[in-house]
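Enquirer: Note that the protein sequences, when read in sequence, are chains A and B.
The opening residue of the first sequence carries number 1 in our numbering; numbering runs sequentially from there.
The opening residue of the second sequence carries number 1 in our numbering; numbering runs sequentially from there.
Worth flagging that the hints you see were computed from the coordinates, not collected in a lab.
Heads up, some of the hints might be wrong.
Since copy identity is lost for identical chains, a pair holds within one copy or between any two.
With a Cα cut of at most 27 Å, we get these calculated DSSO-like pairs of lysine-lysine [to be verified]:
1. Lys316 with Lys20
2. Lys228 with Lys314
3. Lys228 with Lys283
4. Lys7 with Lys228
5. Lys228 with Lys331
6. Lys36 with Lys20
7. Lys26 with Lys313
8. Lys169 with Lys138
9. Lys20 with Lys10
10. Lys48 with Lys165
11. Lys13 with Lys26
12. Lys36 with Lys7
13. Lys10 with Lys36
14. Lys36 with Lys26
15. Lys20 with Lys257
16. Lys20 with Lys7
17. Lys228 with Lys313
Values in this document were obtained by computation on a predicted structure and should not be read as measured data.
There are 2 protein chains.
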Amino acid sequence: MNIPFNKPYKTGKELEYIQKSIESGKIAGDGIYTKKCHEFFENRYGFKKCLLTTSCTDALELAAILIGIEAGDEVIMPSYTFVSTANAFVLRGASIVFADSRPDHPGIDEDCIEPLITPKTKAIVVVHYAGVSCDMEKIAKLADKYSLFIIEDAAQAIDSYYIGKNNVKTPLGSIGHLAAFSFHETKNIISGEGGMLVINDERFSKRAEIIREKGTNRSAFFRGEVNKYGWVDIGSSFLPSDIIAAFLFAQLENIDKIQERRQHIWNLYKTELRELQDAGLIKLPFVPSYSTNNYHMFYLLFDNIQSRDLVIKKLKEQGILSVFHYLSLHKSFFYLNSAQSINSELTNSDFYTDCLLRLPFYVELNDDQVSKICSVIKAVLYDAKLNKLVVS
Amino acid sequence: MNIPFNKPYKTGKELEYIQKSIESGKIAGDGIYTKKCHEFFENRYGFKKCLLTTSCTDALELAAILIGIEAGDEVIMPSYTFVSTANAFVLRGASIVFADSRPDHPGIDEDCIEPLITPKTKAIVVVHYAGVSCDMEKIAKLADKYSLFIIEDAAQAIDSYYIGKNNVKTPLGSIGHLAAFSFHETKNIISGEGGMLVINDERFSKRAEIIREKGTNRSAFFRGEVNKYGWVDIGSSFLPSDIIAAFLFAQLENIDKIQERRQHIWNLYKTELRELQDAGLIKLPFVPSYSTNNYHMFYLLFDNIQSRDLVIKKLKEQGILSVFHYLSLHKSFFYLNSAQSINSELTNSDFYTDCLLRLPFYVELNDDQVSKICSVIKAVLYDAKLNKLVVS
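Chain A on its own, in the form it takes in the complex (with noise of 0.2 Å):
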């Protein structure tokens, strides 16, 4: 492939730092570069509380044991998001009960929530797609109502922002009750599988260290709180090793170069597609009023399967991969099979499943390439309308 669709990042220092971070006679989880990321997100994001995950999925599943799902509790999510977002609760026994999309966006449309609460709902989970905010306004506005924890999946939302009243900016992932983040290879800021929990309500922070802690009250026996310590709940080992968080420190020390480079390849994949948009053939990302981007990713809208087939498919024979993204969850195997499935007709996340594409998106991605890309879509789609082949 000369163009992959994915490169991982290297800033130059993460091996200086995994070196530092075996010096100092701690690599297992919560050693010294594990403290400074937290200290990055607490500081640079006005986070309560961080807590370093071995994968977004591990964050979920903390928020899920910490807000005290059980057997027969509902989870209300978007049926267009990674497998991860319902699993995470379904370990705890939930039921998953999936919202339709926004006709606008991926993200979970706000105005299909409220008649899915029942009184066994127990949390909204948002996943803020590409990185673009959910109307955390609605969604505030109903939690409130039905006394529901909100859950943000924001694992492609690092470094973004719902914009509210009066023109505020609130980064994502401090609106929730409980946020979790992704440092998969494919994100922003990366450290091959990572994940952290950001925890705003503090009710849920001293049981959050224990059950990250294998169900131990480790961390208070470390600040002198317990003179020893045991066993006290449920739990897992979902802090990462130390060699992860080294790694994961120098991305987040370059977010703001690593930013910029992304938003300018964003913004070239846009000018260069524009006129494509202009002619009806495809459609662009929105990113809607209430929130910024944070250049996660560059994702085109076709009219059908068949047109974007055939631009994957054409990319690939000029050795570009572009890739399609989530399978509706309430179309899956497993969901149809469980015996909480609710056969509900989502048309709009049947239509992401079947009709958005993902281009190359990497730091190192070049003008160039970028160039070529396009060019090879415009190529395809113009010579298919030309043809009156499926693209409209």
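Using the hints provided, position chain B relative to the given structure of chain A.
Expert: Here is chain B on its own, set in the frame of chain A:
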């Protein structure tokens, strides 16, 4: 601290391999080094199928899901173990039934197990404490008789063997239906945090891949067995970053060198401290005839907690960190306050909780440091004996 309890060992190749992992274009899970690690274990120990995980805890959780633990199932394990041995099964709803340790060794007393088996018992979890095998023939007979699963908690047991009839050596981790290893920084072979599930019963192979990949059939997709992948099962993100695997592989390549040095340190401790055992002041570790020693740990057994704590204190005054180990889980806050609590007396387990002391143990510990540690211990115990303190 002049002599820490543990010091992570670096072979010198770790950073080079992490660099290569980055250059490969894939640092998320199941990259090139993850595959190398799997092959290493499958080739060296004949393990049927290996899957790296983010921790031994996670490997145990994967095992609990695989054997289908449900609410009401009972699982038998030693009380003298790490909290994750129990929590992994508690998370799936199991009731834990704790067995006592052997009088001569902290491992589970195989003769205590049968009376604990009920129609609800689903598995026996053996813990190969300090890398010393449990009596696996006895365990296997029980498992056969009552159709139980055997899970080996082989967290400490890398490169150790059960010695059976005709002196046949079988690698620990290859005997149970499933086995879990740890690469925590305190182990012989490390990656900071890290673990591995070994699947010896092939019935579990395919589902293990799925559960480890967030409940998706992604692995089968990449092998071309299915034409798209989706949500087919419960699951989590158990797979570690390839950065972790790259670090681990550098260690594995040097396992013989590492083990050689650890053997030397272990034997040096034993030679230097034998006189204290001969004088009846302590007991040295016992390795039964049916087990090899993998030199994971050097521990001492005192007659009482006061003697042990005196030695800890005196060593600390000399800048040497020695540590006690597990607190018996059957006496934990969580277990005593859970509905499943069985108020049993486990005297050997309590004994190891109070009277076991672990001495500093790591590759870079030099001979002079071992001698220094031993001379401090000798001075304390002879002095205490002279002054008729609590040593015996």
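Enquirer: Hint by hint, say whether it matches the structure.
Expert: Verification of the hints:
no., hint, verdict
1, Lys316 with Lys20, "between (42 Å within a copy, 26 Å between copies)"
2, Lys228 with Lys314, "between (63 Å within a copy, 19 Å between copies)"
3, Lys228 with Lys283, "between (60 Å within a copy, 25 Å between copies)"
4, Lys7 with Lys228, "between (45 Å within a copy, 23 Å between copies)"
5, Lys228 with Lys331, "between (49 Å within a copy, 13 Å between copies)"
6, Lys36 with Lys20, "both (13 Å within a copy, 26 Å between copies)"
7, Lys26 with Lys313, "between (48 Å within a copy, 23 Å between copies)"
8, Lys169 with Lys138, "within (16 Å within a copy, 65 Å between copies)"
9, Lys20 with Lys10, "both (17 Å within a copy, 12 Å between copies)"
10, Lys48 with Lys165, "within (22 Å within a copy, 59 Å between copies)"
11, Lys13 with Lys26, "both (19 Å within a copy, 18 Å between copies)"
12, Lys36 with Lys7, "both (25 Å within a copy, 21 Å between copies)"
13, Lys10 with Lys36, "both (18 Å within a copy, 23 Å between copies)"
14, Lys36 with Lys26, "both (14 Å within a copy, 25 Å between copies)"
15, Lys20 with Lys257, "both (23 Å within a copy, 24 Å between copies)"
16, Lys20 with Lys7, "both (25 Å within a copy, 13 Å between copies)"
17, Lys228 with Lys313, "between (61 Å within a copy, 16 Å between copies)"
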